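Asker: Residue numbers (the working numbering), protein chains in the order written: chain A, 1 to 233; chain B, 234 to 482.
I should point out that these hints are in silico values taken from the structure, not numbers from a laboratory. These numbers were taken from a predicted model, which means no experiment stands behind them.
Calculated pairs, PhoX-like style, for lysine-lysine (alpha carbon to alpha carbon, straight line, at most 25 Å):
{"#": "1", "chain 1": "A", "residue 1": "228", "chain 2": "B", "residue 2": "343"}
{"#": "2", "chain 1": "A", "residue 1": "150", "chain 2": "A", "residue 2": "228"}
{"#": "3", "chain 1": "B", "residue 1": "326", "chain 2": "B", "residue 2": "343"}
{"#": "4", "chain 1": "A", "residue 1": "228", "chain 2": "B", "residue 2": "368"}
{"#": "5", "chain 1": "B", "residue 1": "368", "chain 2": "A", "residue 2": "150"}
{"#": "6", "chain 1": "A", "residue 1": "150", "chain 2": "B", "residue 2": "369"}
{"#": "7", "chain 1": "A", "residue 1": "150", "chain 2": "B", "residue 2": "326"}
{"#": "8", "chain 1": "A", "residue 1": "131", "chain 2": "B", "residue 2": "369"}
{"#": "9", "chain 1": "B", "residue 1": "368", "chain 2": "B", "residue 2": "358"}
{"#": "10", "chain 1": "B", "residue 1": "369", "chain 2": "B", "residue 2": "355"}
{"#": "11", "chain 1": "A", "residue 1": "228", "chain 2": "B", "residue 2": "369"}
{"#": "12", "chain 1": "B", "residue 1": "355", "chain 2": "A", "residue 2": "150"}
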Amino acid sequence: MESIIEGFRRAFLLIFNLDAELLGIIFLSLKVSGLALIIATVIGLLVGAHMSFRQFPLKGMIISIMNTFMGLPPVVVGLFLYLILSRSGPLGFMSLLYTPSAMVTAQSILAFPIVVSLCHSAILSVDPIIKQSSRTLGATPFQVTTTIMKEARYGIMSGVIAAFGRVMAEVGAILIVGGNIAGYTRVMTTTIALETDKGNFELALALGIILLTISLVINLGLHLVQRKGTVRR
Amino acid sequence: MGLSLTASNISKSYNGKVVLTDCSYSFNTSGIYILMGPNGSGKSTFLRICALLEEPDCGEVKFFSETTQSLTRGGGLKKDISLKRRITLLLPKIGIFNTNVFNNVAYGLKIRGMRSIEVEDKIHKALELVGLTDKKNQNALSLSSGETQRLGIARALVIEPDVLFLDEPTASLDPRSTTIIEETILNIKKDNRLTIIMVTHNIFQAKRLADRVLFMYDGRIVDHGLNKDFFEKPKDERAYRFITGQMVY
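Kindly generate the complete structure, drawing on both the sequences and the hints.
Answerer: Here it is in structure tokens:
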């Protein structure tokens, strides 16, 4: 028990002293997950909107696949990406393995189905009367689409926030494709795993506290977005 | 007069069920036209086709400007946006956007490329007309049914249409809200530029508002005439039974 309390004490000291190593790890985590989220959101929104507004062959199957992939095991994504990016893999010539770019790619793959599925659901949940109303007010087909997207904004934002929560907490995929190289590809979750293995709990706990705080902020954001989207008479 | 329209030989079926058969009528003068008839007589479908929200199976809807220039649609519903922007339809259920009352009314103007600063005056006038000025900053989804309906009218009027289509605008409202809506409709009629085409199966409302009445039965326009003529001496037996409350439907 004493060692745990001591661990927390040192962890808080690291946080309050703004330890350079700690800040570097946090910054890289936010950079990797942030970039992954931007990529997944841009592509995911386009795909989600396309799936909602257009009819095309195998649409139902693609929706089912996307829903299934929302729960993709990160280690499996990491393994497949490793095989593709390793020297003998089809993209080995790009030398991306054990780089932040590989980690961004892995997290984008994990976030993408979440953004697509939740964006698709959010658009479908918009009352069909909105489409007719905007048409009767003189909207062009493109304006009708943007109006529906705007009405779905809170659902879409919920999807993006949920995807951010998923990639921030993820460890399996980035550990495999990033390699956990100190000062280069070491992020919060991989550091916690490593430092726990080494019995060095102070850094692990400090990062754990920060990760929990980020998680709390994300969930508070999600709650606020969902509350704002619900208007009661 | 801004715009008149002629519907010629309109027919429409849904999944093999005939809803409209060979309906023709020319809405030539401004004023209030009431489409009346029992449930399932095809009033709303005819209104939606005239409002260019749906395509007929056969027949056509032609619009004419004051210079009698034909504004017939060419190339389907998607290509006639300039014409569609001169008319508007208020559906029985108003699609309210999840934003405040002001932005809801501003929608039609903004999609026409007008900036917020340009539209403010118009919006205030429209809100004043329907008595919603004090609610302009309130989220429109929190309005009551009557207020929502009035918002729908403000949103339609602010774009200054030449033809305003109303599909049972008071169907689910209490008497007080119904009176407010009717007063608003009579107020906008004073403008004398606007053609209002409205569906209702409320006989008393039709009597109060109509300049002309069209009576539909079983997908056809079976009787029409000026308000007084229609209600005092209907030419069609079914119209007579309907307005005297003898029709069971």
